[in-house]
Every structure is written in structure tokens, then in C-alpha cells.
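Protein chains in written order, with my numbering: chain C, 1298 to 1478; chain X, 23 to 98.
Everything labelled a hint here was simulated from the structure, so no lab data went into it. A portion of the hints provided could be inaccurate.
Unchecked claim - Lysine to any residue pairs mimicking SDA-like chemistry, simulated, CA-CA at most 25 Å apart:
hint, chain 1, residue 1, chain 2, residue 2
1, C, Lys1371, C, Asp1412
2, C, Lys1339, X, Pro78
3, X, Lys54, C, Asp1412
4, C, Lys1371, C, Thr1359
5, C, Lys1371, C, Phe1402
6, X, Lys89, C, Ser1443
7, C, Lys1339, C, Arg1354
8, X, Lys65, C, Arg1354
9, X, Lys54, C, Gly1424
10, X, Lys65, C, Ala1355
11, C, Lys1343, C, Asn1314
12, X, Lys76, C, Asp1330
13, C, Lys1343, X, Glu91
14, X, Lys54, C, Ser1443
15, X, Lys65, C, Lys1371
16, C, Lys1339, C, Arg1372
17, C, Lys1339, X, Lys89
18, C, Lys1339, C, Asp1398
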Amino acid sequence: MPVSDALRRDLLASIPNLRAFAVSLTGSSERADDLVQETLMKAWAKFDTFQEGTNLRAWLFTILRNEFYSQVRKRGREVEDAEGTYAARLASQPAQGGHMDMRDFREALNHLPPDQREALILVGASGFSYEEAAEICQCAVGTIKSRVSRARTRLTDLLGLEGESYGADPVSTTVITRSLT
Amino acid sequence: MADESQGSGGARRDKAEPKMRQDTGGKVEGGKVDGRIQGEIGKQLRAVYEDVVKEPVPDRFLELLKKLEESTGSKN
């Protein structure tokens, strides 16, 4: 089935977002790009099942996610090792200053259970609604909401963002207050 | 990892350092994270994500799309 120019253009435009989601799933940019490649091939092969005018990005994210978990099932142990190495590499980088560092944040993100991390990314970074995220993850909307909420709680713990230490650091307090106003 | 010489900020960081803290005391009320912290988490999350989004699309994908297009063209 020929693919329309508009669809091809939208597909191309989706690649940066697919890569970002893939990095968040795999923890490695190399594996992420392999995953995106696989996703594009799969998508192309079954474009006839895609209804033009519906949400292409959600459709592509679903394919990518399914591909990722089928790889995880196949590779098992190997994937775990890759993630361990990634975590260790991040942990060896010293944090700078007393405020929340992006490196600290990445590391904390990496420590979240995968289902919580992906829910948080889809809703908090990819810009999907809870409903779309539920569709992508093939679960109930309430499940996504609770995963996002638990992810935030967990990050708050991992990063030590609780009220006392959070408010006590004048630098981060300033930064945060400014960012929210 | 926390720098002791940093004074009170450093000491508090130290307290927060252990990787897997299980307690949820303090900032959390009924399992919800307060809005300020939620805003900061969201900001960091988008920053990490945008880092990748901003990268130029690698050539391999442009080549792939071209190849896919050619193969579709010849099949139909």
C-alpha cells in the first residue's frame, strides 16, 4: 500500500519523540536507535491498519513500546546488565552543588520501576493525556494515574526533595520559585 | 558523595543520598507529592527528554525511510 506524503512527513516528524521515548525505555542511545529503526519498519509494514486522521504519534509509541517489551522478553538477562551498567555509570558521576542536578535526576529516573517510569514520561514529557498513555500501555486510565503518582512519590524520595531539605537550600528554592511563577 | 564542606546544604544532601529510601514521611500527604515538587520534577523530566528530542534526526532513519519508500513503490 502506498504511503501518502502527509503520512510520510508526519512519520519523519515523530522520530525525535520516538527516540526520546526509546532512550527512556532502554537507557542507551544506541539501543534506542535500533528500537526506533525496528519501530519504523514495523509501522511501515502495517500502515494499512492505521486510520489516517487518528493519532499517529500514539500509534507509533504503541508499536515502539510493544517492540521494546518483546525484546526484553527475548533478551532477559542481557537487558538487565545493560541497565545495571548504565546506573553504575551515572552513579559514578559526582553531583554538583546542593540543588537538584540533571544527573541526579537521570539516575533517580533510572531507579524507577519500568512501568512507573514509562507512565511518567508519557504523561509528563511526551505530552500524552492519561487516556492516550493508557491506550499506549494497554491498561486502564486509573492504572496510569496511579503509576504516575507513585513515580513522583518515588522520585521525591530518591532525590530527597521532601519539605525540610527542599526549602532549606536557598539556591534551589530560588530556582524553583522562579520556575513556577 | 555529599561534600561535607558545603555546610548545612551538604549535610542535608547527605541525608538524602541513600539510593532506595523506602519511607515516605515528610513531603507526602496521602501518597501525593506537593505541587511545588511536582513542578520541579516535571521541569527536570522535560529537560531530560528534550535533550534527545532536540538532536538532529540521524541519517540512518532518513535512509531507512527512503529505502522503505522504494520497496513499497516497486511492490505496488
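Violated constraints from the hint list, given by number and in increasing order: 5, 6, 15, 18
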